[in-house]
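J.: Sequence:
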Amino acid sequence: MRPARRTAGLLLIAWLAMAAPAAAQGMFLDSDRRCYAPHQPIDLTGYGFTPDGEVALIGGGLTLGYGFADYDGIFRAEMRAPALPFPLAELRLTAVDQTYRLNRASTTVRLTSVAVRVGPRDAAPGEPLRIRARGFFDGRVLYAHVRRGERVRNVRIGRLRGACRRLSVTRRLFGADARPGTYRVHFDTVRRYA
Numbered sequence: 002m003r004p005a006r007r008t009a010g011l012l013l014i015a016w017l018a019m020a021a022p023a024a025a026q027g028m029f030l031d032s033d034r035r036c037y038a039p040h041q042p043i044d045l046t047g048y049g050f051t052p053d054g055e056v057a058l059i060g061g062g063l064t065l066g067y068g069f070a071d072y073d074g075i076f077r078a079e080m081r082a083p084a085l086p087f088p089l090a091e092l093r094l095t096a097v098d099q100t101y102r103l104n105r106a107s108t109t110v111r112l113t114s115v116a117v118r119v120g121p122r123d124a125a126p127g128e129p130l131r132i133r134a135r136g137f138f139d140g141r142v143l144y145a146h147v148r149r150g151e152r153v154r155n156v157r158i159g160r161l162r163g164a165c166r167r168l169s170v171t172r173r174l175f176g177a178d179a180r181p182g183t184y185r186v187h188f189d190t191v192r193r194y195a
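Per this note's numbering, the very first residue in the sequence shown carries number 2; after that it's consecutive.
Be aware that one or more of the hints could be misleading.
Listed next, with one range per pair, are the computed distances between beta-carbon atoms [unchecked claim]:
1. PRO39 - ARG185: 20 to 28 Å
2. ARG192 - SER114: 19 to 27 Å
3. ARG148 - ILE75: 49 to 57 Å
To be clear, the hints were calculated from the coordinates, so they are not data collected in a lab.
Cβ atoms here follow ideal geometry from the backbone N, Cα and C, with glycine treated the same way.
Generate the whole structure from the sequences, applying the supplied hints.
T.: So this is what it looks like as structure tokens:
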């Protein structure tokens, strides 16, 4: 009687192992970058889904859409980063296998808007200013273009770093001999003001 129980127990374990989808063990979802500006495309790739099976993409608790895994169980999707109610946010994206709904893979991406903070506000001409910037995805170096009338002075601020293209430096935007008046300061990643 004991050998029969042992055989039945082994058969049950083998059957349970076969019933569990192989995809559950190696599911993975990744994005092409870690940080995005509003409305930038986010490319997602997932592995380990049911071959030729439907996959739901969920973000922020909402179903964003459906797609299909290919014959190797690879799921690809492109979406646009949403508009931001705050300057910085994180978005958790989850791909759910619709054949075995408990099988899911997630990734988290950061969202940032373009922002520059300069201080102190009451700085005297020629005084160094603390410049903090983020979200300049279209270049590697941040520049300030200081304009008064037709004259433009281009100032290299520094190298943007990290996934969200951040910078925090101290620079002089105005010389000590700057004339009183109205100046416009434009920040971008282009060396010369156009």
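J.: Now tell me if each hint is right for this structure.
T.: These are the hints, each one checked on the structure:
Judged by the Cβ atoms, the range 20 to 28 Å given for PRO39 and ARG185 holds: they are separated by roughly 25 Å. For ARG192 and SER114, the Cβ-Cβ distance of about 24 Å falls inside the hinted range of 19 to 27 Å, so the restraint holds. Between ARG148 and ILE75 the beta carbons are some 50 Å apart, a value that agrees with the proposed interval 49 to 57 Å.
In this structure, none of the earlier numbered hints is contradicted; all agree with it.
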